[in-house]
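The whole structure should be built from the sequences, with the hints applied where relevant.
Going line by line, the protein sequences match chains A and B. Using my numbering, you'd call the opening residue of the first sequence number 0 and step up by one each time. Using my numbering, you'd call the opening residue of the second sequence number 76 and step up by one each time.
If you want the footprint, here are the derived chain B segments under chain A, 3+ residues with CB under 8 angstroms:
hint, stretch
1, 466 to 479
2, 485 to 498
3, 509 to 517
4, 638 to 649
These are computed hints drawn from the structure, not numbers from a lab. The C-beta atom is built at its ideal place from N, Cα and C for all residues, glycine as well.
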Amino acid sequence: MILVLSPLFSGIVNKQKNFFTGRIGAPVLQPYYELFKLFKKETLHAKTASFISRITPLVHFTAILSAAAVLPVGFSAPLISFEGDIILFAYLLSLSRFFQILAAMDIGSSFEGMGASREASFAVFVEPIFFFTLGSIAFITGLTSISSIYDSIVLNNISYLVFIFVCSISFFILAVTECSRMPVDDPNTHLELTMIHEVMILDNSGFDLFLYHYSSSIKLFIFVILETSFFGSLGGGNRVLEIGIFILIVFFLSTALAFVETVTARFKMKNIPQYLLFATAIGVLNLLIFTFTQ
Amino acid sequence: MNNFIVFFFSSLFLQIFSSIFLIVFRNNKKASQVFHFILLIGLVSGLTSVLSSILSETPILFPTDFPIPLEYFRFDSLAFYFLFLIQLAGIPITIFSYSYFNHEIKEKKSVKSTLFFYAGLLVFTQLVVVVNQAVVFLVFWELMSLFAYLGMIFEKEKKEVEIGSFYYFVMSHVVVFALAFFFFLLHRHTGSWFLSDFHMNSDSDTLVPFLYLLSIIGFGMKAGFIPFHFWLPKAHPIAPTVFSAFLSAVIIKTGIYGLLRTFQFARPVSEWMGWIVLFIGIISAVFGIWYAIVQKDIKKILAYSSVENIGIIGIGIGLGLIGSACQSFPIQVIGFGGALLHTLNHSLFKSLLFMGSGILYHNFHTRDINQMGGAIHRKTYFAVFFLIGSLAITGIPFLNGFISEFLIYNGFFQAAKELKNHYPLMMLLSAVALAFAGGLAVACFTKIYSIVFLGSQRTEIKKFYFSFFDAFSLGILALLMLVIGVYPIPLIQFVSQVLGDGFVKGNPLPILSNLNWLSISLIFFALLAVFVILFLLKKIIYKKYGQRTAPAWGCGYEKQTPRMQYTASSFSDELSEIPDSVLGYQKIEKSSNFPYSDKSFSTHSSDFVEEKLLRPLFKKIQAFSLRFQFFKTSDLRTYLLAILLMVIFYSLAGFLWDS
Numbered sequence: 000m001i002l003v004l005s006p007l008f009s010g011i012v013n014k015q016k017n018f019f020t021g022r023i024g025a026p027v028l029q030p031y032y033e034l035f036k037l038f039k040k041e042t043l044h045a046k047t048a049s050f051i052s053r054i055t056p057l058v059h060f061t062a063i064l065s066a067a068a069v070l071p072v073g074f075s076a077p078l079i080s081f082e083g084d085i086i087l088f089a090y091l092l093s094l095s096r097f098f099q100i101l102a103a104m105d106i107g108s109s110f111e112g113m114g115a116s117r118e119a120s121f122a123v124f125v126e127p128i129f130f131f132t133l134g135s136i137a138f139i140t141g142l143t144s145i146s147s148i149y150d151s152i153v154l155n156n157i158s159y160l161v162f163i164f165v166c167s168i169s170f171f172i173l174a175v176t177e178c179s180r181m182p183v184d185d186p187n188t189h190l191e192l193t194m195i196h197e198v199m200i201l202d203n204s205g206f207d208l209f210l211y212h213y214s215s216s217i218k219l220f221i222f223v224i225l226e227t228s229f230f231g232s233l234g235g236g237n238r239v240l241e242i243g244i245f246i247l248i249v250f251f252l253s254t255a256l257a258f259v260e261t262v263t264a265r266f267k268m269k270n271i272p273q274y275l276l277f278a279t280a281i282g283v284l285n286l287l288i289f290t291f292t293q
Numbered sequence: 076m077n078n079f080i081v082f083f084f085s086s087l088f089l090q091i092f093s094s095i096f097l098i099v100f101r102n103n104k105k106a107s108q109v110f111h112f113i114l115l116i117g118l119v120s121g122l123t124s125v126l127s128s129i130l131s132e133t134p135i136l137f138p139t140d141f142p143i144p145l146e147y148f149r150f151d152s153l154a155f156y157f158l159f160l161i162q163l164a165g166i167p168i169t170i171f172s173y174s175y176f177n178h179e180i181k182e183k184k185s186v187k188s189t190l191f192f193y194a195g196l197l198v199f200t201q202l203v204v205v206v207n208q209a210v211v212f213l214v215f216w217e218l219m220s221l222f223a224y225l226g227m228i229f230e231k232e233k234k235e236v237e238i239g240s241f242y243y244f245v246m247s248h249v250v251v252f253a254l255a256f257f258f259f260l261l262h263r264h265t266g267s268w269f270l271s272d273f274h275m276n277s278d279s280d281t282l283v284p285f286l287y288l289l290s291i292i293g294f295g296m297k298a299g300f301i302p303f304h305f306w307l308p309k310a311h312p313i314a315p316t317v318f319s320a321f322l323s324a325v326i327i328k329t330g331i332y333g334l335l336r337t338f339q340f341a342r343p344v345s346e347w348m349g350w351i352v353l354f355i356g357i358i359s360a361v362f363g364i365w366y367a368i369v370q371k372d373i374k375k376i377l378a379y380s381s382v383e384n385i386g387i388i389g390i391g392i393g394l395g396l397i398g399s400a401c402q403s404f405p406i407q408v409i410g411f412g413g414a415l416l417h418t419l420n421h422s423l424f425k426s427l428l429f430m431g432s433g434i435l436y437h438n439f440h441t442r443d444i445n446q447m448g449g450a451i452h453r454k455t456y457f458a459v460f461f462l463i464g465s466l467a468i469t470g471i472p473f474l475n476g477f478i479s480e481f482l483i484y485n486g487f488f489q490a491a492k493e494l495k496n497h498y499p500l501m502m503l504l505s506a507v508a509l510a511f512a513g514g515l516a517v518a519c520f521t522k523i524y525s526i527v528f529l530g531s532q533r534t535e536i537k538k539f540y541f542s543f544f545d546a547f548s549l550g551i552l553a554l555l556m557l558v559i560g561v562y563p564i565p566l567i568q569f570v571s572q573v574l575g576d577g578f579v580k581g582n583p584l585p586i587l588s589n590l591n592w593l594s595i596s597l598i599f600f601a602l603l604a605v606f607v608i609l610f611l612l613k614k615i616i617y618k619k620y621g622q623r624t625a626p627a628w629g630c631g632y633e634k635q636t637p638r639m640q641y642t643a644s645s646f647s648d649e650l651s652e653i654p655d656s657v658l659g660y661q662k663i664e665k666s667s668n669f670p671y672s673d674k675s676f677s678t679h680s681s682d683f684v685e686e687k688l689l690r691p692l693f694k695k696i697q698a699f700s701l702r703f704q705f706f707k708t709s710d711l712r713t714y715l716l717a718i719l720l721m722v723i724f725y726s727l728a729g730f731l732w733d734s
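In structure tokens form, the structure reads like this:
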């Protein structure tokens, strides 16, 4: 399901963004067309590239996909779930990152080097945020499987509500950073100096680029799922209601993302660590709330 | 079955005996061949005896008529674990040593004495972990340090070698001093010199913290925890790679061995000791790797990364101590188990990476990674092995590093679950610190790998040397890492056997095997399947829609040169600037007006502990000692008088003390 739906979300976000800026914009299904187009294109490899940049798209895609498999999707159980999968989830993301950085440096071009350097630096701050959000519940309840963490959340408890609120902010910041969204990264400019993720895949084309784009839309969707799963219990077992809630929240999130992208300009690269530290600080707050209310 | 004893000691004898051939053969090359061959046989037979003894699980009987006094030795599970570790890392390092010293022989250097020191180092390291008598332990410990020192000064004509080895030398003496004190205290308390008799009785509350303090100073300095890490980045780079690999993979682990033994001696521990070890571990993990990122010298990076990994091991030990203080069985098991596992894992990947750095040094003739580049296009196998090593050390899933880090994270969860109150908060902060160190490690090892292996070559080299023996030794290690990463259960069983023998009361196996090792293996195979399917799909698509190589996209700029690539310093610039005062990170820029081209730009970093703590301290000591310069006369009689006065003083003191 994640495989099918994830490009749709990017499509919705783009459409809404266009709506906010007063344009008509591409159809919602545009990401699918683009992926299909890339799929059919000839693949180019740089002369300086080695086997690293050939296998990376595959490794990247596989890692992201399996990370997604650990998550519950609001109304259905995850594909894989075991105690401790929260650690596996975090480390699978770092596997994908490791290879992506290598692939970027593989070309030996300074553009990609720039992206790789930025990715490596910002990623350092991303993992702690993850532990501060979902991890904090794991530490309080002792549950170490993501789906059971979500199951343990009760919505009628005030501290959980505050927690969800704080987590949502953190997840939002994470999503923005990890998925090359506006205040951190701007994938739409035509200046390599201002980009992070897009500049790393500058020399990829065809099937490789297809995999990269596909996995980055899955990655964005992962964060959406992380958010929606908080409200999984609202449906109360009713499948239709659960799906309805899911769609509602997804729509709400895409609107938020599009809105933020429209009203903010990209940060200076130097300021991004501060932006991420802000998310970390919120995470600490989150934790204090938990420690004192329980 | 007392075969083990005979087998083991004869394997040790074979290892030391191998150095005879260094004298027998005049020809350097032939001597090295025979030496390494015999040494390897010794190691392999040692490993076989250890393994068969572990697997058979029969108690070891000591033969009565044995030429060596056997009561000085003890073969418990912890000793076996470390023997296993030393031999497992020692075998590939020895294979590598052959091809490494071949290079030196080609350059007409005399290697015989250094080879002898290597054999001595191997033997005494193995003896250190099995010895049962405190004084003999200290003697072997000192011999081990000495052989390492002697091997380190292989290129003694260089200034940096002189400095680096001096750091090591001073460090090992401070360590021995602390350890001597440590053992004397234990002896005074228990009245025995045997390690197996060192148990605390009820009135030892005041002694235990003191013992831990000494142990952290002594063994911790050998292991390289911050703030005692200063010798690592000095001593590793200057030693021949064989020795730096052995130092990092094995010698610093003897410090961990000592810390674990301390836990066996000194119980009950109070909780704050656990917190101290945990805190030191976290500091070492985070700052060790942060220092590593700033460096340009590949061996320095690896040395600092050893500090990080020792920190992770320390986190495990700290958790175990906390668990012991809170009388929680699972926390102890997971904490100490994680520490033990990571000790073995680190010795595997770190020896691989160090050996890789030796191969790079022989090819590029420099340790500065900014001069390297594009090695992946020269030797693919080498690049693959080094990649596996880098992935493993960052704790990426399905390699052995992940297994031990997974265990330690689980320890955090366990501690948070069992001990409520403020524990979840502390454990979460520790987990975040470990995750942070993990992120930094990703940055650090992508940096090494991409600067050294990827892109295009920065300096021209004609032929890339990568011998069969290099490939073989790296290959064994890479394979081991993969096997442990995918199927860790046998190792987990071994670890729980060690824990059951002298660490915890009860059977630790259920707790360790309750974690989902099998699902990790299953996920690995599922992922592998997805990967293979995608790979085949990719082949089909390439056939259908075409694929070709073209020059890299230069944004309209045609004349790309290798010098324009991202360098080590530029890659890590953003991360180095954040804590620049701690890292001593500076950018030095010299510029001149346009037509003159004597521009230069360099970055520089220094070690906080060395610059801010050690140097001022030694300056103070120096200034203090200079005050006594007035003694320095040319008159011999003054010195004699001083000696006489001292003798009288000591005799009086002894006399008064006795009465």
